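Take the sequence shown: its position 46, counted from the start at 1, is 92 in this note's numbering, and no numbers get skipped.
None of these hints come from the bench; they were simulated from the model. Note that this is a predicted model, so its numbers are computed, not measured. Where hints are given, some of them may not hold.
Computed list of lysine to aspartate or glutamate pairs in EDC-like fashion (alpha-carbon distance at most 16 Å, straight line) [stated by the list, open to error]: (1) K246 with E187; (2) K362 with D282; (3) K406 with D282; (4) K359 with D383; (5) K406 with D512; (6) K166 with E138; (7) K359 with D240.
Cβ pair distances, simulated, as ranges [said to hold, decoys possible]: (8) D214 with G408: 34 to 44 Å; (9) S573 with N250: 52 to 62 Å; (10) S534 with P410: 34 to 44 Å.
From the three backbone atoms N, C-alpha and C, an ideal C-beta is built for every residue, glycine too.
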Amino acid sequence: MVNKLNKWKIPGQSCYINRGMAIMWGFTLFSLRVFGQHVPKNPAVVWEDLPFIRTGVKLWSHTSKSPLNKTVQDFLNYTSEGKNGYEMANYEGESGMLVHCWFAFLSNDSTGRMKLFDSKKSTSGIDKSFKNYFNSRKYPEYLWESKDGIWWAFPCLPFHENFKAYSDIKPQWYQFTLHLFRSHYYSEAISKADLAGIYKKMQNPVGSFPGKVPGNRHKTVDVIVGANKTVTFFNDVTPGVIRQIHLTLPQGDSTAMDSIYISVSTDSEVTACLPIAFFFGGYAKVNMNNARGMPAGFDGKSLYNYFPMPFWKSFKMELINKQQRPIHVSCQFNWSDSNPYPEQSTGTFRVKYNPPTAVKAGQPDFVNLSVKGSGIMVGTVSQLTGAIEANFSIYVDGSKTPAVESTGGEDYFNHSYGIHPGFTRPFSGGLAKDIGYRFHIIDYIPFVNSLLFTQDHAIYYVHDRDGIFNSAIYYYYNPKQYLERTDSIDIGDLQSETSHSYTIRGTKAQFQNDRAGYEGDFDTLFSDAGRWTNGSTAFTIHINPKNDGVRIRKRINQTSYHQRVKVFVDNKFAGNWFEQGANYYLNKRLYYNDSLPDWQKGNITAKFRDTEFEIPGSFTKGKSQLKIRTETVGSLSVDPAKSGLTNEYYYWIYSYLPVQ
Numbered sequence: 047m048v049n050k051l052n053k054w055k056i057p058g059q060s061c062y063i064n065r066g067m068a069i070m071w072g073f074t075l076f077s078l079r080v081f082g083q084h085v086p087k088n089p090a091v092v093w094e095d096l097p098f099i100r101t102g103v104k105l106w107s108h109t110s111k112s113p114l115n116k117t118v119q120d121f122l123n124y125t126s127e128g129k130n131g132y133e134m135a136n137y138e139g140e141s142g143m144l145v146h147c148w149f150a151f152l153s154n155d156s157t158g159r160m161k162l163f164d165s166k167k168s169t170s171g172i173d174k175s176f177k178n179y180f181n182s183r184k185y186p187e188y189l190w191e192s193k194d195g196i197w198w199a200f201p202c203l204p205f206h207e208n209f210k211a212y213s214d215i216k217p218q219w220y221q222f223t224l225h226l227f228r229s230h231y232y233s234e235a236i237s238k239a240d241l242a243g244i245y246k247k248m249q250n251p252v253g254s255f256p257g258k259v260p261g262n263r264h265k266t267v268d269v270i271v272g273a274n275k276t277v278t279f280f281n282d283v284t285p286g287v288i289r290q291i292h293l294t295l296p297q298g299d300s301t302a303m304d305s306i307y308i309s310v311s312t313d314s315e316v317t318a319c320l321p322i323a324f325f326f327g328g329y330a331k332v333n334m335n336n337a338r339g340m341p342a343g344f345d346g347k348s349l350y351n352y353f354p355m356p357f358w359k360s361f362k363m364e365l366i367n368k369q370q371r372p373i374h375v376s377c378q379f380n381w382s383d384s385n386p387y388p389e390q391s392t393g394t395f396r397v398k399y400n401p402p403t404a405v406k407a408g409q410p411d412f413v414n415l416s417v418k419g420s421g422i423m424v425g426t427v428s429q430l431t432g433a434i435e436a437n438f439s440i441y442v443d444g445s446k447t448p449a450v451e452s453t454g455g456e457d458y459f460n461h462s463y464g465i466h467p468g469f470t471r472p473f474s475g476g477l478a479k480d481i482g483y484r485f486h487i488i489d490y491i492p493f494v495n496s497l498l499f500t501q502d503h504a505i506y507y508v509h510d511r512d513g514i515f516n517s518a519i520y521y522y523y524n525p526k527q528y529l530e531r532t533d534s535i536d537i538g539d540l541q542s543e544t545s546h547s548y549t550i551r552g553t554k555a556q557f558q559n560d561r562a563g564y565e566g567d568f569d570t571l572f573s574d575a576g577r578w579t580n581g582s583t584a585f586t587i588h589i590n591p592k593n594d595g596v597r598i599r600k601r602i603n604q605t606s607y608h609q610r611v612k613v614f615v616d617n618k619f620a621g622n623w624f625e626q627g628a629n630y631y632l633n634k635r636l637y638y639n640d641s642l643p644d645w646q647k648g649n650i651t652a653k654f655r656d657t658e659f660e661i662p663g664s665f666t667k668g669k670s671q672l673k674i675r676t677e678t679v680g681s682l683s684v685d686p687a688k689s690g691l692t693n694e695y696y697y698w699i700y701s702y703l704p705v706q
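From just these sequences and the hints, can you work out the full model?
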């Protein structure tokens, strides 16, 4: 969505700056308070901002994932080809920041060039060979790593309403992840100075505290926990924030990592209960010297966890000894004896532990985490199950199209060709064969309605292997849903269309009924009717008048891609709605020609896709309904007869609720 306002007013000042320049210069306006509400920075810049709910930040990504559901072929796939090369990512709408990219090549080197466009200008902001891009230590290319054909970075590259990525050679495996800022005062664009600060943090010794508020209170507990006994290590019944936890076990006692549990209760609710190794960024039966994350890990002497843990009523931590013998444990707590976080706009720190769970071939993705509410997901420790090609998928706010989908299980951990034990960095690393940790700090996963995080068990096709899942997911959670569904329109259903005053115009307007599914785990086929046009559609939607903006989600048939429509709200232009779509130029190796699925043949079942448009609060506040009109601009299509047409099958209408 493109906001029509072209300038930003500096809060408290009488002057304006150009919005695009503010983003491109990393202008730090937004550490200020907007209407008295704290506007958080990216937590890699301000560690203490981790617990805040982000109602103004969204996640978007595009990868080399194949829609054929043949996981071993999630490479050499791309959307289109043009004068700039092979398209890897194409986003139009809100301004934002490229927070993560990852590549893998069949050789250690690539002779190709990468072009990154950070605005609507026809010239690229970055045009470099892959080799040079991933060998620079100059701003803004600090945060990259490479090993054995794996290249990845946390570029922190701001863009203004448009981001595109191209390669001049056929791209192999790749992923691009963006943070989108719903309106200007939610921007977390990182400045040059802040980026240098992040780089410095990442070079610090393992176990260094990444925050600026270490806590004004500390306590050390030394205790012998009896066999099959529970001991309370920390118990506070006044508001505060846990800042640092260090725990030391007897040297050489590796079994204690898996047989002693930590139980955490925040405001009288159990928010974590899991083996010690998992709580501190490790895993069962691994060498904890490989747990070297910035938020949690092992520094060679003690285990550490630096996630801020706010509490408003009480905080209790217990150790549960499940061994048949006693053990001596020492634990140090650093905390603040006051809590500056507003309860309504903050998440409590939680860890979802999934004990070993067997799955059979043919069963759907394993659910690592499924919650309704708001918050941010900040980390995972998990093993690859079935084979290394099994993908991770992240579904945000009820969309059936993944916001992020990996191109192999090890890719999620910034590895490739398997997980490499001992290859460890502050935000990702290999704990053991097929076991890794991944912390989402720069590229945190925000949600304001729900989050679903799944994991496949596959090698050739989705779900084609037996396996055992065992994982822990770190996240901040608030039960409040700040995005509520207020309406829906079933296109093709006359009653639903009539009740929303739906109309469609165009010289090629047509009705179509499809039986299809989505990419990813929502691949069960179902029937749905939709309408296609080269003209316009119009309808009325109901919203909450106390809204802080509106999100419209639309199900489309993605055999037409690069769909672009103009959106008008109450007859005022609100922006362009563009959807890149899936990958249409596919790697077709390992198939016999007579069985080759192809978009043009119509035998790819993943035809449905969810796409979203954000309407700013300036169009919506105080209103209970809106008149929406869309005007087709154009599209590409696998069917030449439908080139230029756009389509719609279902609409979901959501109202943002203001954070008080």
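Restraint status (C-alpha distance of K406 to D282 at most 16 Å): At roughly 44 Å apart (the allowed maximum being 16 Å), D282 and K406 break the hint.
Whether the CB-CB distance between D214 and G408 falls inside 34 to 44 Å: Distance hint for D214, G408 holds at roughly 41 Å.
Pairwise hint evaluation, D512 against K406, where the allowed Cα distance is 16 Å at most: Since the Cα atoms of K406 and D512 sit roughly 4 Å apart, the hinted pair holds (cutoff 16 Å).
Agreement of K362 and D282 with the hint, judged by alpha carbon distance not exceeding 16 Å: The given pair, whose Cα atoms are some 7 Å apart, holds under the 16 Å limit.
S534 versus P410 beta-carbon gap, inside 34 to 44 Å or not: Violated, since S534 and P410 (Cβ atoms, about 25 Å apart) do not stay within the stated range.
K166 paired with E138 [C-alpha distance capped at 16 Å]: With a Cα-Cα distance of about 9 Å, the restraint between K166 and E138 holds, given a limit of 16 Å.
Given pair status - D383, K359, alpha carbons within 16 Å: Given that 16 Å is the threshold and the Cα spacing comes to 12 Å, the pair holds.
Range hint compliance [Cβ, S573 to N250, 52 to 62 Å]: Since S573 and N250 have Cβ atoms about 56 Å apart, the given range 52 to 62 Å holds.
Pair hint K359 and D240, alpha-carbon separation not exceeding 16 Å: violated (34 Å)
16 Å limit on alpha-carbon distance, applied to hinted pair K246 and E187: Within the cut-off at roughly 13 Å; holds.
In summary, the structure is inconsistent with hints 3, 7, 10 from the numbered list given earlier, while agreeing with the others.
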